[in-house]
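Spelled out, the chains give:
Number of protein chains: 4
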Amino acid sequence: MPIKMIIVMKPDATPQQTTHVLDRLASLGFKTHLSQGVERTIIGAIGDKRAVSPLSLTALDGVAEVVPIRRPFKLVSREVKPSDTIIDLAFGVSVGGSDQLVVMAGPCSVESREQLFETARAVKDAGATVLRGGAFKPRTSPYTFQGLGETGLKLLAEAREAFKMPIITEVMDSDDVELVAHYADILQLGARNMQNFSLLKKVGRLAKPVMLKRGPAATLEEWLMAAEYILNEGNPHVILCERGIRSVETQYTRNTMDISAIPVAKRLSHLPVIGDPSHGTGKWYLVGPMAKAAIVAGADGLMIEVHPRPEEALSDGPQALLPDTFARLMAELRAMKAVLHQFNPLPQPAEF
Amino acid sequence: MPIKMIIVMKPDATPQQTTHVLDRLASLGFKTHLSQGVERTIIGAIGDKRAVSPLSLTALDGVAEVVPIRRPFKLVSREVKPSDTIIDLAFGVSVGGSDQLVVMAGPCSVESREQLFETARAVKDAGATVLRGGAFKPRTSPYTFQGLGETGLKLLAEAREAFKMPIITEVMDSDDVELVAHYADILQLGARNMQNFSLLKKVGRLAKPVMLKRGPAATLEEWLMAAEYILNEGNPHVILCERGIRSVETQYTRNTMDISAIPVAKRLSHLPVIGDPSHGTGKWYLVGPMAKAAIVAGADGLMIEVHPRPEEALSDGPQALLPDTFARLMAELRAMKAVLHQFNPLPQPAEF
Amino acid sequence: MPIKMIIVMKPDATPQQTTHVLDRLASLGFKTHLSQGVERTIIGAIGDKRAVSPLSLTALDGVAEVVPIRRPFKLVSREVKPSDTIIDLAFGVSVGGSDQLVVMAGPCSVESREQLFETARAVKDAGATVLRGGAFKPRTSPYTFQGLGETGLKLLAEAREAFKMPIITEVMDSDDVELVAHYADILQLGARNMQNFSLLKKVGRLAKPVMLKRGPAATLEEWLMAAEYILNEGNPHVILCERGIRSVETQYTRNTMDISAIPVAKRLSHLPVIGDPSHGTGKWYLVGPMAKAAIVAGADGLMIEVHPRPEEALSDGPQALLPDTFARLMAELRAMKAVLHQFNPLPQPAEF
Amino acid sequence: MPIKMIIVMKPDATPQQTTHVLDRLASLGFKTHLSQGVERTIIGAIGDKRAVSPLSLTALDGVAEVVPIRRPFKLVSREVKPSDTIIDLAFGVSVGGSDQLVVMAGPCSVESREQLFETARAVKDAGATVLRGGAFKPRTSPYTFQGLGETGLKLLAEAREAFKMPIITEVMDSDDVELVAHYADILQLGARNMQNFSLLKKVGRLAKPVMLKRGPAATLEEWLMAAEYILNEGNPHVILCERGIRSVETQYTRNTMDISAIPVAKRLSHLPVIGDPSHGTGKWYLVGPMAKAAIVAGADGLMIEVHPRPEEALSDGPQALLPDTFARLMAELRAMKAVLHQFNPLPQPAEF
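Residue numbers (this note's numbering), protein chains in the order written: chain P, 5 to 356; chain A, 5 to 356; chain C, 5 to 356; chain L, 5 to 356.
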């Protein structure tokens, strides 16, 4: 685990003194980052060994303070586990760290056997590798469709076998965890449940992958801390999913999809990161542009809602792609992914 | 100009009645969009001729109301001008509607002749087509560097000739409009001035292109209405620039760059749309991913801050790319752009 | 239940036509509200009988459309139940609709018998009528104090008898609902669980009062819809609690307490509304000003954290009042409340 | 100017060591504040003399670092000027630090001599001491009423003499600063211009009071830094005005009035702080509750929009009070203010 520090220079420190501190840090094998504040110069430093006592640096001229830094999350962090986590699912599908394009597609809600199978066939043909579908639906109003429940789970299980695709579905209630885990390859935790700590702990005691959606007003640190709850209970198979946050804009987009959350989460954590442009925008015609954006920004995969007849969907019709549009998008995404592989990664700083 | 309507069905309207209305609209040449509300079915419809009186539709069974829709912006809208606006600059550079990759690059602030020329040479070599640099700087604190003023403008003008690149620089004060317009090819209006209506009107009376940054808490409609102020005064040469908004996340990103604003603005307006990942994220290591995201989401170009020695920058050093990183990013962006051209555009609905 | 409508005038409607419509509505016993849009005049109207068909108004000159309006919430609305809901608790305490000042006070977490009893005695003496204390604690980090669990509940039950105060405590997990309900007079649902729909349904099947905190990024409508879930399951005894939302300001206040939510919620709903200035600000020195603000804005009561030694608190110490400060605040609040009673309520419009 | 420090304890510091540091600080005359972090204990300390070198404290057992703190604002801070700034206007009216209730009332826009005088008479009779009215109006759309300009200023000047009330009106353009200053007693800077730095500097060179509205997405620190721009140019007569910020709630309130900004700004700064519940809520029926809330939270005064016929107002009619409602509110506000004076201020910590 690398050691990190912030070195606060005295208000009257000279540029020469600052340069000297930077040199000293470099000679100790530290990478440094300089920032000039209103009254103070601050140096961030990161190194790979603990041989140096941070406090010894306070002896240098011009140094006011040296503060070691630690993040509140541990198990999810790249400090603890530098290599990408790869989560193996059934049928040879895995998520994270690989070069394949993982796309989880399907209807918002499972509505009927026919609707599910028709959609599953279409997304499978287009190249999706995981089938999504909601059996328990979190809805703002108690008067709207709440999902088919276990019947929906059974239909998903049938489709799983028929199309040889792992399935992902949401669990909303800690009472239903075992039930959903019995059928699903991945348990999805919805945005509104991101800080349902009881549920986090419960899925943390399972041996099943969990996909944790970012809450609509959650900071990146809160999101990672929620994942930390799951890992802390013993379950290391967590997938992060960015699905849009609340912002000033509510007329033309349902949420504001925070594409930058993807490279930041990838940088801070070893867990796979997925983008959900369907919920992220709420508009089917924005799913394409935002799916491409997520992929080129570094997402390990996507979750996309597809419905054969969006106008008849019992939930979230306006954000569902038609199968044909989905197939065209998949082709474009594969081409994007191929371009990414032609280039070496751009430089990245030590984390500060 | 197309005609648009919202048709509100009665609470007890049958699916057959709804289907009948949809058919009727289709036979009249309207495209339709259905949405199922808690208690009501709503149909959006858009057509190309005014032959039909919207109100005549109220005669159909199951229809409660028919409401014609108009947006508050006019001159900036695609309704008024369906084709992309292309803005020609000097040296054969143009912005908007073209297949070329317009990248405006350079330092945050003009600091010295040497710094500016060194940066200009590097960004020109890497393929940037417009040179950016601030002479008047909006700063949160009165105690920080406020820019070189007219001296900075003169250095920019020198660099313009030396490197044959049009230049863009910010104007903050309506008193300085003529001065800045004397030197610049594009006047930049900063995010904090997006609703400085006096300034908007003043640049609206010029014959110079204007780049209007989205305010940090502005809705898309407010942004377009601010552009409307400029066009309404007679200046049609406006470039929109998304540069990040305020959100819940403030620790890992300075702003939250709203990538979805790009396809939405392109859809609503004929004006060129540019992404600024430097201000949009505030972190140099996020500039690459977000630049790529902006391009694949449909941006007409980018504005990127580059500095030969970011650690010495008098402003915004943490978000400046090194020239070498910038050059590597440009190569990747060109490859992305080429992929986009291999595919037909994904389907788009009539606007609703 | 009143009938409400929006009347959309034609773009070329004359002022005389608008006046005529307003007169006609008035003669039918409707209250009206006029708003002048960019291109349209819109009239809101509310009346008490359904004798009039809204659509008949379309016959009037200048009228384009008449749209009846309904809110998505029903059972929580004042339309369905105009009179204030009053919830009776033990020991003669009731919440809502009364002139008494209901203050729920106590420690953030129950830490020990001594800490709880010392605090209970102090708040009782100062005039608090309900004792609060957390046994199950929602914490951002899994590594911080998570509460005493059932031991905490038992201590609360002991204090309840000793001080003759009803108790309120949080339930986080649907598995714990019966357990918490066994001890508590009011079950508290935390802000992060506001849209935990499984939990909402479960407490909705109890015969115990529930206090529902507003989520940190919830709109007022989402908050009321969450309460609707509880009422829809059969439990009418819901108290709403405003506890601060996320905003741009995060340095000087932990949350931004939305005081205006109090009069709006009181207007839309018959349920009691409580303000929580402790979580609403996160700073003990802001609790006094914001408690007073909540009361004069119409809150039915307050929830305030008190700790005999905030610097030793296992959670939320920075927002806890010392008993002495709490007592001084109570005196001031009583005086404020008395002033409110000297004046007739200010006018209120029909709801639009 | 007090000295402030943050003392960071070592991860393995014992409670005894922490207590010892607290005792030592107390014996040196420092007030302290303890906060327990995930891994660290942090002590805030504030004292009145510079006799102690903060760094000497690092010698104590368990202390890791000592960091002196300084805020980015200076001239506006209470550190530099502990006593309340009082700004004297004409006709014996002053703002700040006094016990009088300063209410600035009048129409949103000056529309005609008759409308202005009728309103002025009514608000004067009800007890308002400053007359407000807009001559230059910032409007989201270029197609809406933009104000009467200098004609409006002249009408205000007439009303000033007729009713013996100082007047406040907005200046939007740095070109108009002299013109507006010629007529107005207070220049108002609108929320959208809060970071129009050119305008801030220009009014900073006047000898006229300036009221600076908080921007709709501005942090408290940005607001104070904007005021710092004015003071830094030499004008110490600045009034701060909270007028609502953007939040998740946009349906029932136009802005979210941040009442807590009032006590925080009063605490950090010596400048007078005013609340504007008209813009803060956008709804006339919320003006009363929020006006009262602002006063009891510590505001030095209020700005309230009044119109004799709100339904005919050319701007912001929905938020204007009728004169009669205003008069009733004034009576209630005076009673609230009287209650505040009966109590000693609640305790306040040293600022941290």
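None of these hints come from the bench; they were simulated from the model. Watch out, some of these pointers could steer you wrong.
[Said to hold, decoys possible] Once the Cα atoms are required to be at most 30 Å apart in a straight line, the calculated DSS-like pairs of lysine-lysine come out as:
1. A/212 <-> L/168
2. P/212 <-> C/205
3. A/341 <-> P/128
4. C/158 <-> P/205
5. C/14 <-> A/78
6. A/128 <-> A/168
7. L/35 <-> P/14
8. C/205 <-> P/158
9. P/205 <-> C/205
10. C/212 <-> P/205
11. L/128 <-> A/205
12. C/341 <-> L/128
13. A/341 <-> A/85
14. C/14 <-> A/35
15. C/128 <-> C/341
16. P/78 <-> P/212
17. L/341 <-> C/341
18. L/168 <-> L/158
19. A/14 <-> C/78
20. A/14 <-> C/158
[Claimed, not checked] If you anchor each label on the Cβ, the simulated ranges turn out as follows:
21. A/338 <-> P/94: 38 to 46 Å
22. L/75 <-> P/131: 36 to 44 Å
23. A/209 <-> L/313: 55 to 63 Å
24. L/39 <-> A/209: 52 to 60 Å
25. P/94 <-> C/238: 37 to 45 Å
26. A/165 <-> L/46: 27 to 35 Å
Built from N, CA and C at the ideal position, the CB exists for glycine as well.
**Message:** Under the constraints set out in the numbered hints, which ones does this structure not fulfil?
**Reply:** 1, 11, 20, 22, 23, 26
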